[in-house]
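So the sequences go chain by chain: A and B. Quick note: the first sequence, position 176, residue 175 per numbering that gives the first Met the number 0, numbers continuous. Quick note: the second sequence, position 44, residue 43 per numbering that gives the first Met the number 0, numbers continuous.
Accuracy of the hints is not assured; some may be wrong.
Stated by the list, open to error - From the derived model, a few chain B residues whose C-beta atoms are all more than 10 Å from chain A: (1) Arg75; (2) Ile90; (3) Ser112; (4) Ala129; (5) Pro132; (6) Val133; (7) Ser147; (8) Glu148; (9) Ala149; (10) Ala152; (11) Ala155; (12) Ser164.
Stated by the list, open to error - What the simulated footprint calls covered on chain B by chain A, stretch by stretch (three residues with Cβ under 8 Å from a Cβ of chain A suffice, anywhere in the stretch; the number is not a length): (13) 22-30; (14) 39-51; (15) 135-144.
The set of hints was computed from the structure by calculation and includes no laboratory data. Even glycine gets a Cβ: it sits at the ideal position worked out from N, Cα and C.
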Amino acid sequence: MSELDPNRSEADRLIAAALADHVRRPAPRRLHDQLARAHLAQRSPWRTRISLAAAFALGAAAAAAVAVGVVRPPAADAVIVDEAVGDHLRIIDAQHPLEVASSDLHNVKPWFTGRLDFAPPVSFVGDDEFRLRGGELAVFLGHKAAAFVYQRRLHTISAFVFADAEPRPRTETTERGFHVIAWSAGGFGFALVSDIGWDDLRLLEARLRS
Amino acid sequence: MVLSRKPRLAVVAERAGELSLAEQALAHVDELYGLARHLCQAPSDAEDIVQETYARALGGVARLAPGANLRAWLFRILRNCFIDQARRKKIVLEIPDDTVGERAGSEAWDAASLDQLRYLAAADLERALAELPVELRFIVLLDAQGFSEAEIAEIARCAPGTVKSRLSRARDRLRVTLKESR
Numbered sequence: 000m001s002e003l004d005p006n007r008s009e010a011d012r013l014i015a016a017a018l019a020d021h022v023r024r025p026a027p028r029r030l031h032d033q034l035a036r037a038h039l040a041q042r043s044p045w046r047t048r049i050s051l052a053a054a055f056a057l058g059a060a061a062a063a064a065v066a067v068g069v070v071r072p073p074a075a076d077a078v079i080v081d082e083a084v085g086d087h088l089r090i091i092d093a094q095h096p097l098e099v100a101s102s103d104l105h106n107v108k109p110w111f112t113g114r115l116d117f118a119p120p121v122s123f124v125g126d127d128e129f130r131l132r133g134g135e136l137a138v139f140l141g142h143k144a145a146a147f148v149y150q151r152r153l154h155t156i157s158a159f160v161f162a163d164a165e166p167r168p169r170t171e172t173t174e175r176g177f178h179v180i181a182w183s184a185g186g187f188g189f190a191l192v193s194d195i196g197w198d199d200l201r202l203l204e205a206r207l208r209s
Numbered sequence: 000m001v002l003s004r005k006p007r008l009a010v011v012a013e014r015a016g017e018l019s020l021a022e023q024a025l026a027h028v029d030e031l032y033g034l035a036r037h038l039c040q041a042p043s044d045a046e047d048i049v050q051e052t053y054a055r056a057l058g059g060v061a062r063l064a065p066g067a068n069l070r071a072w073l074f075r076i077l078r079n080c081f082i083d084q085a086r087r088k089k090i091v092l093e094i095p096d097d098t099v100g101e102r103a104g105s106e107a108w109d110a111a112s113l114d115q116l117r118y119l120a121a122a123d124l125e126r127a128l129a130e131l132p133v134e135l136r137f138i139v140l141l142d143a144q145g146f147s148e149a150e151i152a153e154i155a156r157c158a159p160g161t162v163k164s165r166l167s168r169a170r171d172r173l174r175v176t177l178k179e180s181r
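The shape of chain A in the complex, shown without the other chains (with noise of 0.2 Å):
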């Protein structure tokens, strides 16, 4: 058969109609979701992202507001606080297992192994009060972070660990009705979301400091 056997040609072109009807697929409705959360905040350096000469004037002219009180500079707590209550909605109302799910934490550490660009510094186990029950990837300042999901009762507590330098106060503060504390240590972020009590949720951050 020769090279422009029409045919052949023919073939060459249904194969590729096909193709382009088959390689689009519908991304998964959570993964939307949390790149959306990540990505859309108003903070996000996508919007941000201007000339130099216009960051330049827009600086000087964000500094002398500073200065003069005008407005304050925003803080990333804020956007921490937003994503881990986002993130914990996102577990709780999931139709599906977590991606990773065992009581066993040998079983779930090593399941980010790969998935992650650093390793969570979680050594707490789990115990009759607070049962591990699983992982899952989340996304925290654009940036994958670790999802530690425990069962305190019939609540859910979601203990979030991302990688982040800045060294940041230990904060607790209420939103969407849910608890949160964060605070940062060696280099990571941790952040722990649920409808408990403060006490209860105190009692696991002392499990996962210790």
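The hints should help you fit chain B onto chain A, whose structure is shown.
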């Protein structure tokens, strides 16, 4: 750089000047996931590299030149993310020699076999794609996404001539595999 078949959302985003760069970038999630899903065996791996693509894009967006081809840039990042993941998982990216391509041109296509292609089952196409070496699969899938050969060369960081020859080899192998599976 002219794109031959842009997804509707991206076109809409570009026409609407008020849409942010992030919104324009997120209009390509389905396309990126579609490609990733054909490169990775597990859906979770495909989701991971799409997440990683946007995380890296976020880090590099300040260096993106005004008027740059955002879509091609995202696909290039996705390719890098996939290569990193493949190395971690020890997936072979090189194109091995085999006899499938050598049989190209000797297969006979009559009206009946062309009809079978017109009603090709997705599962058959999926199997044929899966048998392609990863590098060839990547190139032929970019072509199916509507990228020009020049754009594919930019995304895959290779010469346009290499794209042309790899596309030809990929098409040969797909045609032979689909014919022989009948």
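Which of the stated hints cannot be reconciled with the structure, identified by number in ascending sequence?
3
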